[in-house]
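K.L.:
When you get a sec, could you build the whole thing from the sequences and use the hints?
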Amino acid sequence: MTLLEVRDLAVTYRSGGSDVRAVRGVDFTLDAGQTLGIAGESGSGKSTVALSLLRLLPVSAKITGELLFQGEDVLTLGWGKLRAVRWAQMSVVFQGAMSALNPVRSIGEQIREPILLHEKVGGRTARARTAELLDSVGVPSSRANAYPHELSGGQRQRVMIAMALACRPNLIIADEPTTALDVIVQAQILELLTDLVRESRIGLIMISHDLSVLGEVCERLAVMYAGRLAEIGPSRELLTDPRHPYTEALAGAFPTIGDAASRLAPSGLPGDPPDPAKVADQGCAFQPRCPVALPDCATRDIEAWPAGPGRLAACVHVLDKVSS
Amino acid sequence: MTAAVTTASGGLTAPSRWNPVKRFARQYVRMPTGVAGLVVLVGFLVLALTAPLYIGANNLDVTKVNGPLLAPPSSAYWLGTDLPGRSVLLLTIWGSRASLSIGIIATVLTMILGTSIGLIAGHFQGAVSRVLMTITDWFITLPSLPLAISLAAIIGQGATSITVAIAVTSWPATARLVRAQTLAVEARPFIERARALGAGNTQIMSRQVLPNVMPLVLVSSTLTIAGAILSETTLSFLGLGDPSTVSWGNMINQAFTTGAITRGAWWYLLPPGIAIVLVVLGFTMTGRAVENILNPRMVGARS
Amino acid sequence: MTTPNPVQLEVAADVGGVGTVAPSVGRARSSFPRYLAAKLLTAAISFLFTLILGFVMFSLMPSDPVHTLTRGRPTSAAQLAELRKELGIDLPKWEQFLHFVNQVIHGRLGYSYQFSQQVTSLIAERLWPTILLTGSATIISIVLGLWLGVRSGWKNGSLFDRVSSGVSLTLWSVPTFWLGLILLVLATSTFTGVLPAGGYQTPAVDYGLVAHWIDVGKHLVLPCLTLVLVVFAQYVTIMRSSIIDELGSPYLLTARAKGLRDDDVRRKHAVPNALLPSVTIIFLQLGTLIGGAITVETVYSWPGLGYLTYEALKIPDIQLLEGTFLVFSGSVIVMNLFADLLYRFLDPRVRAQ
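Residue numbers (my numbering), protein chains in the order written: chain A, 3 to 326; chain B, 91 to 393; chain C, 2 to 354.
If a hint is listed, it holds; no wrong ones were tucked in.
Subject to a maximum C-alpha distance of 30 Å in a straight line, what follows is the list of computed DSSO-like cross-link-like pairs (lysine-lysine):
(1) 269/C / 156/C
(2) 94/C / 315/C
(3) 122/A / 269/C
(4) 156/C / 83/A
(5) 269/C / 64/A
The hints are simulated quantities; they were obtained by calculation from the structure and are not laboratory data.
P.N.:
Here it is in structure tokens:
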């Protein structure tokens with residue numbers, strides 16, 4: 003059953019007097035219980051895609067395309083309906099939970115808030131559910147009255163996860179959930195997320211710049227560059243046999259623990275990620291940094307072409323492979 | 091920060107020295123409130139400075155005037171006359187001299203006092219700094235008008251006591267600002283280098299820190315002048331000014347104490363007050379415009 | 002001196018570090034008694050400084066204090082000698098100061114020859130009208146200022162915001178006393194009879210309880226209105242910059258994502274956080290409120306401490322001036338103490354320190 007279908011999503015910001023096209027036509031689908039990772043550098047548009055799913059972008063952002071969530075287009079929902087969808091059907095785990103949690107409210111209060119908002123239950127039920135949720139993420143329920151600053155970074159992230167699960171949503175978006183956590187805590191959080199998602203058959207979209215993390219957790223992977231999808235497909239295949247030079251470079255930049263060979267592989271890309279305000283419409287945005295660029299890559303129309311079963315890649319070399 | 095940094099170097103660098111100033115001027119012209127404020131200020135300054143050219147003892151000395159007593163505005167006296175028969179319009183123009191001069195002098199004193207204390211508190215760490223800052227913080231909490239009134243009453247009526255009273259109540263805010271800026275500047279590496287080269291405390295404070303602190307001080311001084319003028323008028327209104335001089339505060343004081351109010355002489359009351367509002371707004375808008383250029387902020391909105 | 006400029010207020014919140022709190026992770030909450038004791042000590046030291054300042058200032062009088070006090074009143078040499086002994090003028094300065102502190106602690110603030118009354122009893126008489134005036138003006142200003150400030154800051158840059166900021170800035174530039182006089186002129190000449198032209202109550206009329214309060218209320222309208230107009234603008238500015246500072250905070254995005262209405266996001270999340278630095282700054286404005294009260298009471302002949310101060314300027318009545326100075330400074334210190342305690346109550350991060 004298709005949970006989410008994104009068609010031709012485009013997001014444009016008005017900044018100063020000019021338009022910045024942060025997302026320039028993205029398509030993907032997600033089924034119930036599936037996990038999808040979206041990877042990319044800063045400025046690639048991955049966070050924008052995540053936030054646009056619940057229309058959480060600033061007023062200055064214009065969104066076009068179709069966001070079909072459980073059959074309904076989120077972009078055309080009225081405010082009342084949208085607010086009902088927010089959190090109860092689709093929730094978010096934000097990064098940097100120190101500032102994503104209200105500093106002057108206890109964590110218990112903040113978890114109870116969406117429960118009381120979306121469901122017709124009393125305070126006692128909400129408290130009981132909060133205690134359960136905290137236990138399920140490994141935070142002692144006795145800490146429900148603690149304030150965010152009284153918890154460690156890892157505990158706060160667990161609280162964010164508990165909060166996201168509060169209304170039993172069908173889809174969770176995790177935006178860089180493990181950034182700024184140390185490695186051991188990172189592993190714990192990821193394990194927690196995967197277990198919870200598997201048990202309750204919740205759909206998960208995880209955003210990260212860390213490809214290895216996504217490879218561990220997600221069944222499918224999408225790589226974004228300059229507001230477009232560079233490649234999408236099953237994560238294992240994508241990492242072991244990338245079809246887009248950017249994916250290849252990204253995969254090479256993160257050594258896989260246990261695989262000695264990866265540490266020796268050349269990594270690092272020359273140049274900087276492109277400025278979203280300055281990307282041209284025509285041609286491949288990756289071309290300036292691409293090691294295998296062809297002369298007409300800067301001008302021809304680039305699409306996401308099929309690159310295998312369930313795979314798409316926006317690189318002309320895919321066409322060569324197919325034809326050869 | 092685009093401070094108009096100057097060095098002691100000579101004519102070789104003269105052409106490029108004006109660039110930061112020109113850039114500043116170009117940005118300033120684009121802010122309508124700042125321009126309006128500056129126009130008002132220049133207008134009043136011109137009025138104040140040129141007043142002696144057409145206002146003399148004939149208009150100001152109560153024994154020498156011969157206008158109608160407390161008359162409403164007419165074609166002869168555009169803003170009417172006061173109790174002894176002087177033209178309110180001329181009085182208002184003349185009054186700008188006292189109010190502006192007291193405001194500016196008091197501000198200069200405030201700047202000197204506040205900057206010195208702030209510099210010392212920021213430069214010398216440890217006990218000296220802590221003591222100075224404790225005193226400054228405590229001083230800020232003192233209610234300023236009672237303090238100013240007490241000081242002025244002790245020193246006696248007149249411009250001097252008002253000026254001193256304003257300076258004594260205004261320096262803490264400047265000191266705090268300067269201290270914070272001194273700490274920020276001294277954290278930079280060039281201070282360490284100067285020290286390593288054997289620069290003494292006075293040298294570091296005056297040659298290295300002070301030029302970096304001055305722009306901020308100058309910006310805040312426009313706002314301080316605005317407050318000083320308001321204070322001067324308040325103290326004059328309460329009767330602490332020199333009754334023989336003409337200032338805006340004194341005019342309103344006289345309107346109050348001689349019963350002009352009960353006689354409904356609004357023309358005596360309105361002009362000095364409006365002048366005060368205009369000048370204070372002028373300084374505030376100018377100060378704000380300058381501050382915006384040196385320290386822009388970003389704003390945004392979400393749905 | 003007077004009220005800090007609206008722009009300075011915005012800067013103060015950043016520079017002075019008002020309301021900024023160092024986060025502490027996982028620390029136990031420190032005890033309240035210890036916090037209270039520390040704050041009380043600070044308050045006591047502040048008051049000591051104030052006493053020192055008051056003493057030094059008033060001993061700077063150029064003329065003989067005894068002579069000034071008894072100016073215009075016939076006194077015998079014996080009375081003068083007695084007065085000298087009472088004031089302790091013949092003692093060395095150090096002992097004089099201790100004598101002075103002792104007097105203050107026992108509530109003896111001197112004698113006013115102008116009123117032929119003990120300063121302390123004079124102050125006690127005039128205390129209530131000032132509290133009534135400043136109290137009502139503060140409450141109205143805070144409510145009005147906070148509401149306008151939150152609205153302006155939330156819809157930053159909108160027409161509402163720009164108009165509100167413009168009005169606040171203009172009102173700050175208006176001298177309090179002048180505004181009061183204008184309103185007074187309007188009341189007496191244009192709208193005669195609707196509102197009284199000053200004073201606390203209609204003289205020589207004996208009202209019953211309710212009628213008396215209505216009468217006082219009518220007399221309160223203009224002074225309170227004047228004070229509110231001048232003071233509320235600062236609160237608008239403070240609250241507005243506080244809200245603007247909170248606008249970009251991630252926890253607001255979280256709240257929106259939960260499906261809360263915009264109004265609820267503002268009320269339940271942004272405002273409580275924005276209130277924190279505002280509370281501190283609002284209490285720090287107390288000094289300027291006192292300044293405003295002095296001028297407003299003078300204009301309207303409202304028989305409070307402010308008017309008393311103005312009357313003390315006439316001779317000048319030094320003991321009375323000193324007394325009112327100490328009372329004003331003391332009340333600011335008490336209010337600051339109260340602000341610290343309130344802040345601890347409101348901000349859970351402070352409790353952990």
